[in-house]
Amino acid sequence: GNSVTQMEGPVTLSEEAFLTINCTYTATGYPSLFWYVQYPGEGLQLLLKATKADDKGSNKGFEATYRKETTSFHLEKGSVQVSDSAVYFCALSVGAGNMLTFGGGTRLMVKP
Amino acid sequence: GAVVSQHPSRVICKSGTSVKIECRSLDFQATTMFWYRQFPKKSLMLMATSNEGSKATYEQGVEKDKFLINHASLTLSTLTVTSAHPEDSSFYICSAAGTVSYEQYFGPGTRLTVT
Chain A
1243 GNSVTQMEGP
1253 VTLSEEAFLT
1263 INCTYTATGY
1273 PSLFWYVQYP
1283 GEGLQLLLKA
1293 TKADDKGSNK
1303 GFEATYRKET
1313 TSFHLEKGSV
1323 QVSDSAVYFC
1333 ALSVGAGNML
1343 TFGGGTRLMV
1353 KP
Chain B
8 GAVVSQHPSR
18 VICKSGTSVK
28 IECRSLDFQA
38 TTMFWYRQFP
48 KKSLMLMATS
58 NEGSKATYEQ
68 GVEKDKFLIN
78 HASLTLSTLT
88 VTSAHPEDSS
98 FYICSAAGTV
108 SYEQYFGPGT
118 RLTVT
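Those protein sequences? They're chains A and B, same order as listed.
Counting with my numbering, you get residues 1243 to 1354 for the letters of the first sequence.
Counting with my numbering, you get residues 8 to 122 for the letters of the second sequence.
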């Protein structure tokens, strides 16, 4: 089956620190990979995505590269801000059914 | 971009009553809609998948008679929590996908509190 594993949080960083949130996956097929962000009390917003190996998704200073050889899609940002405090979900989708498989979520807290 | 709305954003109801949550795709036709439930500080749990004009497909362990899903049009799906109990209190999130893109677009969620 399909599964996504991401590092447990919370991750607490100071403003302007470097962020890495690890995500690895298993999939029966060739998945598309996603990072979603959830701010307190809100639904999910797509942060970035990649649909094939070696693709790099990027948005708002966040980046993630689709690594087929290590089945990973780690999220990175060079300098986090307090406003980046949220829960981040890694997810995958296989095939035309659009069904998403989510990781457990990682809470990020950025302190001024 | 694609926008999905949910209504209401928050609802408080008494135990034993039913609550309906609407999910609308505002600027695209959603052939498939998904309903998720999220417990505090937990990930999203897929409850069911619905395709327009057909019965919803429920995930294992989700009571279809308790969580009624209707997808009557390409822009609207509803989730009705019947005979709600306090343990049904949760954050319910819908998402919608069209025919062209593989991407799901998420609604802002509905916080249900059953007293």
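None of these hints come from the bench; they were simulated from the model.
Glycine included, every Cβ here is placed at the ideal spot set by N, Cα and C.
Be a bit skeptical, because a hint or two may be false.
[Claimed, not checked] Restraint-style ranges between C-beta atoms, simulated for each label pair:
hint, chain 1, residue 1, chain 2, residue 2, range
1, A, Phe1260, B, Ser90, 20 to 28 angstroms
2, A, Lys1294, B, Ser16, 31 to 39 angstroms
3, A, Pro1282, B, Ser25, 22 to 30 angstroms
4, A, Glu1258, B, Thr87, 45 to 53 angstroms
5, A, Gln1323, B, Lys62, 31 to 39 angstroms
6, B, Glu70, A, Tyr1281, 27 to 35 angstroms
7, B, Lys27, A, Glu1258, 21 to 29 angstroms
8, A, Pro1282, B, Ser12, 16 to 24 angstroms
9, B, Asp34, A, Thr1312, 31 to 39 angstroms
Cross-check of the supplied hints:
1. A:Phe1260 with B:Ser90: 20 to 28 angstroms: 50 angstroms, violated
2. A:Lys1294 with B:Ser16: 31 to 39 angstroms: 37 angstroms, holds
3. A:Pro1282 with B:Ser25: 22 to 30 angstroms: 28 angstroms, holds
4. A:Glu1258 with B:Thr87: 45 to 53 angstroms: Once the Cβ atoms are compared, 47 angstroms apart, the range 45 to 53 angstroms for Thr87 (chain B) and Glu1258 (chain A) holds.
5. A:Gln1323 with B:Lys62: 31 to 39 angstroms: Roughly 45 angstroms apart at Cβ, these two residues miss the hinted range, so it is violated.
6. B:Glu70 with A:Tyr1281: 27 to 35 angstroms: 31 angstroms, holds
7. B:Lys27 with A:Glu1258: 21 to 29 angstroms: 46 angstroms, violated
8. A:Pro1282 with B:Ser12: 16 to 24 angstroms: 19 angstroms, holds
9. B:Asp34 with A:Thr1312: 31 to 39 angstroms: 38 angstroms, holds
The structure shown violates the earlier hints numbered 1, 5 and 7.
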